[in-house]
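Make the full structure from the sequences, and use the hints.
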Amino acid sequence: MRFTYRTGERPLAGYTVKRGVGIGGFGEVYFAVSDSGKEVALKLLRGSSDVEMRGVANCLNLKHPNLVHIYDLKEDSHGDKWLVMEYVLGESMAQVIDRHPDGLPVNLAVEWFQNLARAVAYLHDHGVVHRDLKPANIFLEHGSLKVGDYGLCKAMSLTNKAQTRTVGTVHFMAPEISSGNYTKSIDIYACGVMLHEMLTGKLPFDGESDGEILMKHLTATPDLAGVPEPFQAVILKALDKNPLKRYATMTEMAKAVDAAYPTQPVVPAPPMAKPHQSERTETPTPAAKPTEAIAVAVEIPKAVPVAQPIAPPAPAKPIPVAVPVRTETPSVGSSFRDRLTDRLGSMLQAPVVVAVGIIPWMAVTRTGEWATIGRMALVSLAVAWAFLLAAGRARFKKSDSWARRLRFASLGLVIGLFAFWLEGWVGPSLDSGYEESPTANSYLFGFLHVPARSVPVVWSYALYFACVFGAARWWRMAAKDRKERFSLFPPFVAVFWGLVLSFLWPWHASTIEFGLLPLVLGTIAVQWVSPWVPPPPPMPKKLRWRTR
Amino acid sequence: MVPNRTVRVMGLLALACVAFGLTGCHAKPRPAKPKPAAKEQVPAPPVNDAADRSVGVPPAVRLPAIRSSQPHTSREAALTDALMVARTELMKHLDQLDPPIHARPWLVKMKSEYVKGEVREILPTDDEKTLIKANGVNPNVRWVEIDLELTEDQVQQLRSTERVTDAFRGGAILFAFLAAIYGFLRLDQWTKGYLTLWLGLAAGLAVGGVALLVLA
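Chains as they are written, first to last, in the numbering used here: chain Z, 3 to 550; chain P, 627 to 842.
Careful: at least some of the hints might be erroneous.
[Claimed, not checked] With a straight-line Cα cutoff of 27 Å, these simulated BS3-like cross-link-like pairs (lysine-lysine) come out:
1. Lys485/Z x Lys204/Z
2. Lys204/Z x Lys257/Z
3. Lys247/Z x Lys257/Z
4. Lys818/P x Lys83/Z
5. Lys818/P x Lys76/Z
6. Lys40/Z x Lys818/P
7. Lys218/Z x Lys204/Z
[Unchecked claim] Residues on chain P that point at chain Z, a partial pick, calculated with CB under 8 Å:
8. Pro725
9. Pro726
10. Trp769
11. Gln783
12. Arg785
13. Ser786
14. Val790
15. Phe794
16. Arg795
17. Gly797
18. Leu804
19. Tyr808
20. Asp814
For the record, the hints were derived by calculation from the structure and aren't laboratory data.
Beta carbons are placed, not taken as given, at the ideal position from N, Cα and C, and that holds for glycine.
Right, here's the structure in full:
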């Protein structure tokens, strides 16, 4: 990710860039501060046509509490267009869904959907079709939902794969987009996909490639497994292949959702009322609930007067207590920067766990030699780091693939070579000369000089670690959606595979503990340092019954 | 039906076995070429049979008859002197190995593990005694002579120690580098970019400082 402008630069008169926030299909986004101290987001729009610019200009005066405000559209000295927008300090809905792979609590999903529906309906009422609705474009700030990137959509076509990829919305693309038909029904379709994803954590149409997903949009029936029964009809209608059979308006869809799962009507706040404490809906909350665990559904500020409540007041029914969902945890994000920070944090903690884990081994084996202890520590740390690096963004259940296994095995190969090197063996070297002793030297592939006694050892080390790394699903230890933060199962698996593959281990050179202990310590360290999101607490019985 | 995962695991194991079996094919000894020029005498490494390495195998390094640099009145002092001379010789020798080893073995370890055979005391001859006495020094002195031998395993252990030290140095620099990036990212997030430049400078200085400290 490379930004054009750096911290402190002033690409636009009156604004100083503080840092780059992201790069999307439309250009670069910066966090900036105006000369008078106003924090804004600057979006550099490159390669946009005049027609698209006019579309953006049409959105300048839109005002809605659930829309990210656009302050201005400016042009810099190079002729580049800049969009000055409200800076939303919060995470995207995509990040929240990412942390809840089994879906959000139903009442929260409905609450958020209603907010989303209000924003989209407002856009439609003003003649704007968003065309790129997706969780990544929806932001949550202090429990309030805001839709961004409206008015920015470029023309998307099936033939223009690069454009589609940069926009990144194939999962939310209505079938009629292939024919260039951009009406508000495509937003309704995208909202249907999002409702599905909010409720189940999964997309209705998924596939290995963009083409496969697009084909499913055109032909397949959405997978409604896991969708609570009252919502199935709503989603089915929203995802109809024929736009004419979908909901005619966003308001209609919101009403259908409200009918499927009635919520307490939002009472508009009196003007000038103090936000938060006085505005919270008086729903029963668990007595021992910590402050930060207050349900988001309850915390959505009602101080903002809701101009157009979409759903008619539903009959008063007690709202089930919302399941706590933290929406402002910056630690597990989906942006590259957040992922990098998380990964680095894990890698920095790993040496501490390894060091602590080695102490019992030193005590039991009465090892005091520096080289031996150091070797054990370094190989264990290398194993832990390799696990962390190879795991990437793997999920607990559905990340098993040849590519991932080969990635692990390759890193295992490197670890094996590292262990070989640390033990003081003379490794291969490029050598064009011939030594005097043919029994003491070998040549791999004709030019790689290897001392003969090292040949079986280097292969043994490399193959041992490569096979152990490729044999098991180690990425599960680092998956943030794993069932438990720490389990004894991976260390046992490490011992098992270590023993099974022990025929590869160079027994004559070292003891078995150098083959097993690094793996065990690595599995312990990885679990200990990897971010973990606990599964949502079980729903109350009443709610569980409703969602069946 | 065989589960997909089982197929993958079995595939990897099969690959491992095939690769392991191929190692013998790859390691082809080349015929010896005539020695181009007289090289410094480097002891030939032993044959690759690991079981034979400990017993009955010529040592990897042999430094015979190393004598203390000067006569000493006590045997212990002469032995220490001889060990120091031996260490200097050994370091020179290790430095010429391929790849070289830059190790400085401890005298205690040399005395207990590397000295082979008996420690021989060499007394001065009558002429030497006269000469020593003429210089006003106690003529009751002696030299000590030792033989130093290192097996292939002991040389490997020295190499391992050196590599572990190097790896720790490299690891410390890498750790500092990662910590600096992590700190920079975290602090930059907290300060919302207001101090990016200063934080970047501080991170760079921190990494440079650690690198200097480790490499110095």
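* Hints violated by the structure (listed by number, smallest first) -> 9, 10 and 16
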